[in-house]
Amino acid sequence: MAHDVQAALEASSDAARAKANRGLVIRTGAVVLGLLIVVVAVNGFSHGTFLTPGNLTNVLRQITYVAILAIGQTFVIITAGIDLSVGSLIELTGVVMAQFANAVSFGGFPLVVATLFVGLAVGCFAGFINAVPVVKLNLPPFITTLAMMLMARGLAFKLGHGQPVPLRSDAFENIGIGFLLGGQLSLLGLPGIPIAVLWMVGLVAVFAVVLTRTRFGRYVFAIGGNEEAARLAGINVGLVKTMVYVISGGCAAISGLLLMARFGSGSPNTGIGFELQSIAAVVVGGTSLMGGRGSVIATFLGALLIGLLNNVMNLLQIESYTQDIVLGAVILLAVVTDELRKRYLVR
Amino acid sequence: MSGISKAFPGVKALDGVSLTVQSGEVHALVGENGAGKSTLMKVLAGAYRADAGQIEIDGSPVTIDGPRTAERYGIAMIYQEFNLVPYLDVVQNIMLGHEPARGLLLDRGAALRTATAVLTELDIALPLDRPARRLSVAQQQLVEIAKALVRKARLIVMDEPTAALTDREIDALFALIRKLKSQGVAFVYISHRLEELPLISDRITVIRDGRTIETNPTAQMPQDRVIRLMVGRELDARFPDLPAVDAGAAVILAVQHLSSASGVHDVSFEVRAGEIVGLAGLVGAGRTEIVRAIAGADVPTGGAVDVDGKRVTVDGPHTAIEAGIALITEDRKAQGLVLGMTVRENVTLAHLDAYSQYGFVNRAEEETTTVKEIAELRIRTPSTEQLVRNLSGGTQQKVVLAKWLIGRAKVYLFDEPTRGIDIGAKAEIYLLMVELLRHGAAIVMVSSELPEVLGMSHRILVVREGRIRAEFSKAEATPDKVIAVATGVAA
Chain A
1 MAHDVQAALE ASSDAARAKA NRGLVIRTGA VVLGLLIVVV AVNGFSHGTF LTPGNLTNVL
61 RQITYVAILA IGQTFVIITA GIDLSVGSLI ELTGVVMAQF ANAVSFGGFP LVVATLFVGL
121 AVGCFAGFIN AVPVVKLNLP PFITTLAMML MARGLAFKLG HGQPVPLRSD AFENIGIGFL
181 LGGQLSLLGL PGIPIAVLWM VGLVAVFAVV LTRTRFGRYV FAIGGNEEAA RLAGINVGLV
241 KTMVYVISGG CAAISGLLLM ARFGSGSPNT GIGFELQSIA AVVVGGTSLM GGRGSVIATF
301 LGALLIGLLN NVMNLLQIES YTQDIVLGAV ILLAVVTDEL RKRYLVR
Chain B
1 MSGISKAFPG VKALDGVSLT VQSGEVHALV GENGAGKSTL MKVLAGAYRA DAGQIEIDGS
61 PVTIDGPRTA ERYGIAMIYQ EFNLVPYLDV VQNIMLGHEP ARGLLLDRGA ALRTATAVLT
121 ELDIALPLDR PARRLSVAQQ QLVEIAKALV RKARLIVMDE PTAALTDREI DALFALIRKL
181 KSQGVAFVYI SHRLEELPLI SDRITVIRDG RTIETNPTAQ MPQDRVIRLM VGRELDARFP
241 DLPAVDAGAA VILAVQHLSS ASGVHDVSFE VRAGEIVGLA GLVGAGRTEI VRAIAGADVP
301 TGGAVDVDGK RVTVDGPHTA IEAGIALITE DRKAQGLVLG MTVRENVTLA HLDAYSQYGF
361 VNRAEEETTT VKEIAELRIR TPSTEQLVRN LSGGTQQKVV LAKWLIGRAK VYLFDEPTRG
421 IDIGAKAEIY LLMVELLRHG AAIVMVSSEL PEVLGMSHRI LVVREGRIRA EFSKAEATPD
481 KVIAVATGVA A
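Each protein sequence line maps, in turn, to chains A and B. This note's numbering puts the first residue of the first sequence at 1, with every later residue one more than the last. This note's numbering puts the first residue of the second sequence at 1, with every later residue one more than the last.
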């Protein structure tokens, strides 16, 4: 008897999981189908320049920096918070890392690793500062991270004396503009896989696992879904919330490293608007700003969709003002359809 | 109002209630917690729509379909929790929604004149430019009354108006009520303080289980009669037999001189293995606050809690849980569950460390436990992956129970364990409590349903104003005695 119940439950659990997944599958499927149609059409209009390996690789590389920010942003937004400081943290960590790399006497791979750790220290510390008033005084993260956005940008300009800090070492060239498998893939007409893109893919994979498979990830969802219930379940809400801002700051530092490597300098104005683009990627990916719901993979797809859209509009030689209008409309459309879907399909 | 009925899913809140109020009358409405007083008043105020029945004003039937309609008919509600805007000043609050205007601009002078006129007429002095959040409770109440009069209210409903007032403030309030009464304003006066009814009310209506029991002039309704009418029913036999507590059973929970900032004062009691102690009292008496302080949901400011002979330093929910204390909260949606998570995720939430290695959650183990709990508690869910949001109230409550049962706590604090769930699920939850007793658990139960407290407790502690006022064994406890202590009629 107990066995029957168990078996039936397990079967129905699988069914339910399939059902839960079906929503995501349908969404993803619809997006892919839509993209496919657009792709074919665009390819025709752009006389075949869109569907080239080179162009698609380029899209991936272009979205890398915002997509990495958006990973951390996803964690923050699932707890019903927001992090407006990530754009300027790219700049601050970039300038600090460039100055550090120029100041030390060693080079090569150890330099890259050491520089990364310096950047992470700065980014994570800034994230910690973001979190303290949110956790201790229950202040809105909109304000604390807005303040950090201003302070970090100001500090980046001050440290760099208003100028980009050029890198003297060539140790960063590889992660900035290097490719993996360049030789082998050139036969297929590909320049290889950009190293920066590999970083992005790796981070997406790691944080997708953290969010869905770890206790920490579960607590992130629980806090976003019902903070009081989470607290009464004995969860250290303050610690978890602090961690999400630290992760977000850390993601900004990694993004800062890759951008610095790409431009060969740490620059105090490279991240303007990135915080809003990262939020857009999260939202287009279907993560709710009310918290409790979201996915790193979906955020990545959101960033990809926005990147493809930008690329397509460039290829079609649509002027940049029009591009902004289209992008804004897409973001609005994404949240409106998401809300409608929740109201009429799920119930 | 006649024949008013209103049902909520699983509950018939009102079942043909009638109430007649004459102009210039103070009509007291009394009943136990959950008797239907608030629901009835919300129907009158247009917050709920009745399923059946009729409301007549001055002899002609009316339809009240929203708060604005109620206002138009001259009905004003003054809830226990006032509806003032904290940052607006006295004048702005009084005139809220009725601001005089000159063209597009507010006419502040006219607003001030109207508000002052009302206050002068009532002989009330209030600091007109002080924001509402800086007023005393009594002053806020006066603002509410002035607000009602600006709206030309002819019937004012007051819910527990004296609950937070001092004796002098109560005298002033009664004087004001009498004055308005002489001008023809009618009052519906809801109160648990039976002793004040002879002072202020003209007639008393008792309601119980959503029905009108009796309406009589106050002179014919002595207190003991009111209490008898409120309680009324025989205790029904729907409660399981409680196993007797062993004479030598160990004290599992010992609470000593516990106090908290949320209003718990010097509370001490003990619960032994296999024993249920019921906390009885009126809503707001401090029962919930007591169990919250024990469980670390509110951090205690003084006193001590021992579990199984060991001192517990309660500095948050985490330490209480580790010590083996489980709090099943009163409001499962706001405090017990993450509605957007699955049954499985909710069940393991408080004990996730037991279901993870190196920080990674072991879903297979979670699944096994959840499936087992679903079978044992007969949780009616299609699967472990169902979102809790989509389950019925009784089923949700079982998920909350499962969440605490898997931790094998020693002390279970049940706060209103059966509120808003159907009879079948109630019976199952009672049986489960008995099962916990057999395993040596100690249970504290807060319940506003008197029969539940009397039927499901070995001992009953009556709480009023954050203190334990009386203790009864199951054998000595009667509804009349408990109500008398809870309402302050008896010490």
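Think of the hints as simulated: they come from the structure by calculation, not from any bench. Bear in mind that the values here come from a model prediction, so they are computed numbers and not experimental data. Misleading hints may appear alongside valid ones.
[Claimed, not checked] So these bits of chain B aren't anywhere near chain A, every CB distance computed over 10 Å: (1) Gly74; (2) Phe174; (3) Leu199; (4) Ala320; (5) Thr329; (6) Ala334; (7) Ser356; (8) Lys403; (9) Phe472.
[To be verified] Keeping only pairs whose Cα atoms sit at most 30 Å apart, straight-line, the calculated DSS-like set for lysine-lysine is: (10) B:Lys372 <-> B:Lys410; (11) A:Lys342 <-> B:Lys333; (12) A:Lys136 <-> B:Lys333; (13) B:Lys372 <-> B:Lys426; (14) B:Lys152 <-> B:Lys42; (15) B:Lys333 <-> B:Lys426.
[What the hints assert, rightly or not] If you want the ones that stay clear, here's a sample from chain B, every Cβ over 12 Å from chain A, calculated: (16) Thr69; (17) His257; (18) Arg272.
For glycine and all other residues, C-beta sits at the position ideal for the given N, C-alpha and C.
Going down the list of hints, with the structure as the test:
{"no.": "1", "hint": "Gly74", "in the structure": "holds (38 Å)"}
{"no.": "2", "hint": "Phe174", "in the structure": "holds (39 Å)"}
{"no.": "3", "hint": "Leu199", "in the structure": "holds (40 Å)"}
{"no.": "4", "hint": "Ala320", "in the structure": "violated (8 Å)"}
{"no.": "5", "hint": "Thr329", "in the structure": "violated (6 Å)"}
{"no.": "6", "hint": "Ala334", "in the structure": "violated (6 Å)"}
{"no.": "7", "hint": "Ser356", "in the structure": "violated (5 Å)"}
{"no.": "8", "hint": "Lys403", "in the structure": "violated (7 Å)"}
{"no.": "9", "hint": "Phe472", "in the structure": "holds (30 Å)"}
{"no.": "10", "hint": "B:Lys372 <-> B:Lys410", "in the structure": "holds (20 Å)"}
{"no.": "11", "hint": "A:Lys342 <-> B:Lys333", "in the structure": "holds (20 Å)"}
{"no.": "12", "hint": "A:Lys136 <-> B:Lys333", "in the structure": "holds (25 Å)"}
{"no.": "13", "hint": "B:Lys372 <-> B:Lys426", "in the structure": "holds (21 Å)"}
{"no.": "14", "hint": "B:Lys152 <-> B:Lys42", "in the structure": "holds (19 Å)"}
{"no.": "15", "hint": "B:Lys333 <-> B:Lys426", "in the structure": "holds (18 Å)"}
{"no.": "16", "hint": "Thr69", "in the structure": "holds (28 Å)"}
{"no.": "17", "hint": "His257", "in the structure": "holds (24 Å)"}
{"no.": "18", "hint": "Arg272", "in the structure": "holds (26 Å)"}
Checked against the numbered hints given earlier, the structure breaks hints 4, 5, 6, 7, 8 and satisfies all the rest.
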